[in-house]
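S.K.: Each chain is listed here by its residues.
2 protein chains.
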Amino acid sequence: MANFELMRQLTRAEGGKIILLVLDGVGGLPMEAGGLTELETAKTPNMDRLAKEGSLGATIPVRRGITPGSGPAHLALFGYDPVEHPVGRGVLSALGVGLGIRDADVAARGNFCTLDDNGIVTDRRAGRIPTEEGQKRVDILQGIEIPGIETRVAVVKEYRFVLTLRGEGLSGAIDDTDPQVTGEKPLDAVALDGSREATHTAELVQQWIDEAHKRLKGHEPANGVLLRGFAMDPNLPKYDDIYKLKAACVAVYPMYKGVSRLVGMDVIDTAGIETPAEEFDRVASVWNDYDFIFCHIKKTDSYGEDGNFDAKVHLIEEIDAALPKLLDLNPDVLVITGDHSTPAKHRSHSWHPVPLLLWSPALHMPDYADSFGERACYGGALGQFPATDIMPLALAHANRLEKFGA
Amino acid sequence: MANFELMRQLTRAEGGKIILLVLDGVGGLPMEAGGLTELETAKTPNMDRLAKEGSLGATIPVRRGITPGSGPAHLALFGYDPVEHPVGRGVLSALGVGLGIRDADVAARGNFCTLDDNGIVTDRRAGRIPTEEGQKRVDILQGIEIPGIETRVAVVKEYRFVLTLRGEGLSGAIDDTDPQVTGEKPLDAVALDGSREATHTAELVQQWIDEAHKRLKGHEPANGVLLRGFAMDPNLPKYDDIYKLKAACVAVYPMYKGVSRLVGMDVIDTAGIETPAEEFDRVASVWNDYDFIFCHIKKTDSYGEDGNFDAKVHLIEEIDAALPKLLDLNPDVLVITGDHSTPAKHRSHSWHPVPLLLWSPALHMPDYADSFGERACYGGALGQFPATDIMPLALAHANRLEKFGA
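Residue numbers (our numbering), protein chains in the order written: chain A, 1 to 406; chain B, 1 to 406.
Since the hints were made in silico from the structure, they are not lab data.
No residue lacks a Cβ here, since even glycine has one placed at the ideal position from N, Cα and C.
Be careful, since some hints might not be right.
Some chain A residues judged to face chain B by a derived CB distance under 10 Å, without partners named [stated by the list, open to error]:
| id | residue |
| --- | --- |
| 1 | Leu-6 |
| 2 | Ser-55 |
| 3 | Gln-135 |
| 4 | Val-286 |
| 5 | Leu-363 |
| 6 | Pro-366 |
| 7 | Gly-379 |
| 8 | Ala-381 |
| 9 | Gln-384 |
| 10 | Leu-395 |
| 11 | His-397 |
| 12 | Leu-401 |
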């Protein structure tokens with residue numbers, strides 16, 4: 001595992017420049033036993049050359065056998081063990097829908113639910129209303145005024161939404177208001193500890209709930225709210241502190257921008273960008289300003305979740321074809337990997353170790369690989385290792401680490 | 001990681017005999033992509049036979065990406081995680097120059113510096129005087145008498161030296177006196193905690209500094225001293241306690257003798273010994289007296305640091321040719337590995353996993369290896385694993401570990 005104290009002690013402020021290219025969910029599986037994976041099927045002459053010159057390995061995002069969500073998987077890529085440094089679900093959900101989280105904000109996940117005339121929950125998911133109906137309710141709740149704080153809501157999907165509170169002296173130590181069963185009233189918002197901040201926040205949350213229920217009256221089946229997963233910014237140590245890196249994120253989706261911001265990266269504007277080639281051009285446009293750039297491509301994961309093996313293969317080929325845009329920048333270290341596997345065969349995130357290619361112009365560990373793919377990576381020179389070790393390896397290859405001890 | 005309590009609980013007092021042969025910095029890299037490493041290039045028929053019969057693997061000395069110094073790297077080989085069991089820089093430096101460290105000694109690293117007439121530091125490195133000039137100053141400071149303690153100094157290299165204090169009731173909790181900048185006076189020696197021992201030690205150190213400055217007057221540019229990295233023996237648990245092994249060290253260089261002594265090994269006299277064959281003869285001469293012998297060969301590392309690929313190759317071949325001297329002892333377990341990698345291409349210690357060969361007459365894990373080299377080791381039967389696991393593996397093959405649990 002990365003050890004922040006060790007990193008702080010050993011990292012140099014000077015050194016080479018690093019690109020971490022994350023193809024979300026790139027890890028795959030053969031559709032039939034003995035077949036090839038998505039990455040093995042794709043024709044990737046550029047990555048194959050880098051594989052020959054560099055070192056391959058496979059990373060374990062959280063622990064063996066554990067399937068990660070996108071937030072924890074990215075924290076691991078950035079060197080933060082997501083088990084030791086949990087980020088609250090409310091915060092991850094807020095980041096996922098683009099509600100920025102500042103140091104003192106509190107975020108919670110919400111369900112719209114159905115309440116009867118006595119305020120009893122009769123459906124915890126409000127008949128699974130479609131997203132546009134969820135959006136209508138969110139519009140109704142937007143801008144509820146609670147003295148001293150600013151509240152925001154955003155729809156996630158269907159009956160799910162996110163609530164954030166911004167103000168002074170708030171706490172995330174608030175218990176869920178979701179009773180988890182029907183036939184009971186929503187629970188009151190109560191503090192989980194005896195701090196003044198938690199007591200105060202619980203009162204504010206209850207005011208918000210009461211006002212929400214007032215406004216939603218008559219909007220059956222989604223006329224109530226249930227909140228859970230209250231959390232604040234985990235105050236992770238930042239990239240400039242632990243790694244001495246000026247770091248930026250080039251990503252299109254809000255979740256990845258949000259997680260990058262949590263670790264202190266600058267988030268580059270990507271408005272209007274759609275293709276990998278356009279993302280790589282954006283990396284090039286800010287290349288001179290940073291030591292480290294995290295570039296995130298989402299749709300490898302989306303096609304995996306769709307079970308669309310061929311579309312995932314074609315996207316990987318498109319990424320490979322655009323790769324010279326990054327290579328022309330002459331990075332000192334280029335890491336190509338995923339945050340987790342999303343095999344088209346599984347149609348979902350999975351626990352399988354993630355292919356990783358580490359290339360730098362010198363000091364590679366030699367192996368026998370001549371292409372970038374799962375089989376070559378599982379037996380590659382770097383072995384199978386925790387994703388949290390990617391950053392120390394990248395820093396070592398960028399000549400950014402002092403020797404440990406005499 | 002090795003777990004001392006587990007080792008204490010499971011180790012047997014009886015069992016086979018183990019040789020740990022450490023070729024310092026043996027791990028290497030190809031000089032050009034696709035080429036062979038030093039170890040792969042060397043013609044090593046004896047090691048290749050052992051590789052075929054035994055198991056290969058690759059060890060991670062400290063953490064992935066971390067380049068270790070010699071002290072921490074050897075602690076890891078001996079089963080002590082150097083991050084969890086740090087040995088102070090002063091102690092490692094003292095061991096490195098052959099100043100033995102006993103339980104109650106305090107050691108510090110020193111710089112000769114230049115002071116102006118007002119006692120202000122004008123050069124923290126005294127114009128980087130050559131080693132012979134450093135030695136002259138060390139001779140001047142040798143034997144400074146402070147009531148109740150014995151002081152010793154030794155030159156490290158150029159302007160660097162080591163100071164040790166021996167006496168009763170000392171503490172290593174003393175802050176650096178190096179102001180880290182020029183234009184200021186050296187800092188006073190002050191205690192880092194409120195203990196009587198630290199306060200007392202700080203006073204003694206300040207007396208030593210005052211006397212040193214008196215003696216160095218007129219010896220510009222090296223007319224002052226700056227001290228840092230004060231430390232004491234870390235009191236590591238010893239080999240006979242945790243492993244139930246009577247252990248000895250056959251090494252030529254002081255650092256390796258010193259670290260071996262820290263973990264309770266007997267240090268065998270190696271005066272006059274130069275070649276690997278002579279070292280192996282020395283191992284043979286004490287073979288009947290010990291359960292475990294650590295044999296250290298330094299110059300693989302030296303040639304790596306020189307960037308001398310061919311000399312490193314030839315030395316590995318010389319070691320291989322002498323290896324029958326060890327094999328003729330019929331050890332129950334022979335481990336051949338390095339403390340870290342020192343690729344000639346890198347001319348320096350590096351972070352790359354270290355080739356390891358584990359041979360014993362029986363119970364090997366089979367693999368496909370037919371020679372001892374990096375590629376074979378990275379993908380060997382033992383996988384890639386922390387160097388702190390070498391001792392449990394060696395003990396297991398020597399039939400020195402009880403079953404864990406019923």
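S.K.: Now tell me, hint by hint, if it's right for this structure.
M.R.: So, going through the hints one by one against the coordinates:
1. The closest approach between the C-beta of A/Leu-6 and any C-beta of chain B is roughly 6 Å, which is under the 10 Å cut-off, so the hint is satisfied.
2. With 10 Å as the threshold, the beta carbon of A/Ser-55 comes within range of chain B, its nearest partner Cβ sitting at about 9 Å, so the hint holds.
3. Annotation: interface hint on A/Gln-135 violated; nearest CB of chain B at approximately 46 Å, more than 10 Å.
4. Checking A/Val-286 against chain B by beta carbon gives a least distance of about 26 Å; that is not within 10 Å, so the hint is violated.
5. At its closest, the beta carbon of A/Leu-363 sits 6 Å from a beta carbon of chain B; the interface hint therefore holds under the 10 Å criterion.
6. Hint on A/Pro-366 holds. Least Cβ distance to chain B is approximately 5 Å, under the 10 Å limit.
7. Hint on A/Gly-379 holds. Least Cβ distance to chain B is approximately 6 Å, under the 10 Å limit.
8. The interface hint given for A/Ala-381 holds, since its Cβ lies 5 Å from the closest Cβ of chain B, which is under the 10 Å cut-off.
9. Hint on A/Gln-384 holds. Least Cβ distance to chain B is approximately 8 Å, under the 10 Å limit.
10. The interface hint given for A/Leu-395 is met, as the beta carbon of that residue sits about 6 Å from the closest beta carbon of chain B, less than 10 Å.
11. Using the Cβ-Cβ criterion of 10 Å, the hint placing A/His-397 at the interface with chain B is satisfied: the shortest such distance is roughly 8 Å.
12. Restraint check, A/Leu-401 versus chain B: the minimum CB separation of about 7 Å is within 10 Å; hint holds.
Violated hints for the displayed structure, listed by number in ascending order: 3, 4.
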